[in-house]
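Please construct the entire structure, taking both the sequences and the accompanying hints into account.
Protein chains: 6
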Amino acid sequence: MPVITLDMAALTREKKAQLVQTLTRNASEITGIPPEKFIVLINELERDNIGVGGELLSDLMK
Amino acid sequence: MPVITLDMAALTREKKAQLVQTLTRNASEITGIPPEKFIVLINELERDNIGVGGELLSDLMK
Amino acid sequence: MPVITLDMAALTREKKAQLVQTLTRNASEITGIPPEKFIVLINELERDNIGVGGELLSDLMK
Amino acid sequence: MPVITLDMAALTREKKAQLVQTLTRNASEITGIPPEKFIVLINELERDNIGVGGELLSDLMK
Amino acid sequence: MPVITLDMAALTREKKAQLVQTLTRNASEITGIPPEKFIVLINELERDNIGVGGELLSDLMK
Amino acid sequence: MPVITLDMAALTREKKAQLVQTLTRNASEITGIPPEKFIVLINELERDNIGVGGELLSDLMK
Chain A
67 MPVITLDMAA
77 LTREKKAQLV
87 QTLTRNASEI
97 TGIPPEKFIV
107 LINELERDNI
117 GVGGELLSDL
127 MK
Chain B
67 MPVITLDMAA
77 LTREKKAQLV
87 QTLTRNASEI
97 TGIPPEKFIV
107 LINELERDNI
117 GVGGELLSDL
127 MK
Chain C
67 MPVITLDMAA
77 LTREKKAQLV
87 QTLTRNASEI
97 TGIPPEKFIV
107 LINELERDNI
117 GVGGELLSDL
127 MK
Chain D
67 MPVITLDMAA
77 LTREKKAQLV
87 QTLTRNASEI
97 TGIPPEKFIV
107 LINELERDNI
117 GVGGELLSDL
127 MK
Chain E
67 MPVITLDMAA
77 LTREKKAQLV
87 QTLTRNASEI
97 TGIPPEKFIV
107 LINELERDNI
117 GVGGELLSDL
127 MK
Chain F
67 MPVITLDMAA
77 LTREKKAQLV
87 QTLTRNASEI
97 TGIPPEKFIV
107 LINELERDNI
117 GVGGELLSDL
127 MK
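Residue numbers (the numbering used here), protein chains in the order written: chain A, 67 to 128; chain B, 67 to 128; chain C, 67 to 128; chain D, 67 to 128; chain E, 67 to 128; chain F, 67 to 128.
None of these hints come from the bench; they were simulated from the model. Errors might be hidden in some of the hints.
Stated by the list, open to error - Pairwise CB distance ranges, derived in the manner of DEER restraints:
#1 D:M127 / F:E80: 25 to 35 Å
#2 D:E102 / E:E110: 14 to 24 Å
#3 D:T78 / A:A76: 12 to 22 Å
#4 B:E102 / D:R91: 31 to 41 Å
#5 C:P101 / D:R79: 34 to 44 Å
Said to hold, decoys possible - In the SDA-like style, the derived pairs of lysine to any residue whose C-alpha atoms are separated by at most 20 Å in a straight line are:
#6 E:K81 / D:T88
#7 F:K103 / E:L123
#8 D:K128 / E:L123
What the hints assert, rightly or not - A short, non-exhaustive set of chain B residues, derived as facing chain D with CB atoms under 10 Å:
#9 V69
#10 I70
#11 T71
#12 R79
#13 T88
#14 L89
#15 R91
#16 F104
#17 L107
#18 I108
C-beta: ideal position from N, C-alpha, C; glycine also.
This is the structure:
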């Protein structure tokens, strides 16, 4: 029943599959909660929708 | 002022309207807080963005 | 695998049990997803930690 | 390291830049935490995905 | 109906009142949405519950 | 600037430090984003505040 949420810029499908697999396995090993109890939610945000230090990420990466 | 957030796979507009109406009415009845105070946020996620038990939902549903 | 999150002021244990039962049943009926797939997270906040219209809820309820 | 998340209807890029700049500067001044430590996440939702008082925002704005 | 959520370390009641007032006013001015529509949720976290760069904030501040 | 949020039952400080270290390192390796950009937020919830399949976790674990 633990929920792991990632808020970040867009990712390929392959990286999402790797993140889900690896983070679930890690968190399961550390907490002792079986992996099938974990839910991972990946919230992909446009670079116009992430601010760092008061500036949009899309401006910082120009 | 309570906020109910749903993170789940895509839904039709009709189901979203039903969820908003029903969850607001029931949460209002149980808590005694008037329905007009409730906000519902529906965060629809692609099946590539949901992980269950270490696997993407899009792979589990193949 | 849907996740329902409630952010609101403190509740009794009985009301939390009722909310979890009722919202899960409702959301399951509307979406067709079996109830055992639903996770509900109740995030109770102090009235000093909720703002409505620019004022703390603890001030509004004085 | 503070995270400010906004859940709201769609905005222009210019308004998002203004929100990120202004909210970061003000939250930094009030808390004394340097602006470069702040992350802002803007989660834009369709009006079909926001419920107010049990109704979809898209219906309320008709 | 916009929701502004802050996740950060503990704050005094006075700073929370200032954050709620200032961020609501700023966001209202920029978006044109009336201030009474805004909800602010302040999620205070222990320094043992925040990680930056792979380390707990409580270790980084020693 | 990615944010990883964990919502789960209470953990020891040692397990929180391990989760922050391991999830940050792995998410950094998979995404290619440097570890110092990652924030982890651990939201510990009482077992009365987590529902699974319509029942409180505190009832399920009796």
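We went through each hint and held it up to the structure:
1. D:M127 / F:E80: 25 to 35 Å: Once the Cβ atoms are compared, 51 Å apart, the range 25 to 35 Å for F:E80 and D:M127 is violated.
2. D:E102 / E:E110: 14 to 24 Å: 21 Å, holds
3. D:T78 / A:A76: 12 to 22 Å: 20 Å, holds
4. B:E102 / D:R91: 31 to 41 Å: Cβ of B:E102 to Cβ of D:R91: about 33 Å, so the range 31 to 41 Å holds.
5. C:P101 / D:R79: 34 to 44 Å: 41 Å, holds
6. E:K81 / D:T88: Within the cut-off at roughly 17 Å; holds.
7. F:K103 / E:L123: 14 Å, holds
8. D:K128 / E:L123: 47 Å, violated
9. V69: 8 Å, holds
10. I70: 8 Å, holds
11. T71: 8 Å, holds
12. R79: 5 Å, holds
13. T88: 8 Å, holds
14. L89: With a minimum Cβ separation of about 8 Å from chain D (threshold 10 Å), the hint on B:L89 holds.
15. R91: With a closest approach of 6 Å, the B:R91 hint holds.
16. F104: Because about 7 Å separates B:F104 from the closest Cβ in chain D, which is inside the 10 Å limit, the hint holds.
17. L107: Result: holds, 5 Å to nearest chain D Cβ.
18. I108: Status holds, d = 4 Å.
Checked against the numbered hints above, the structure violates hints 1 and 8; every other hint is satisfied.
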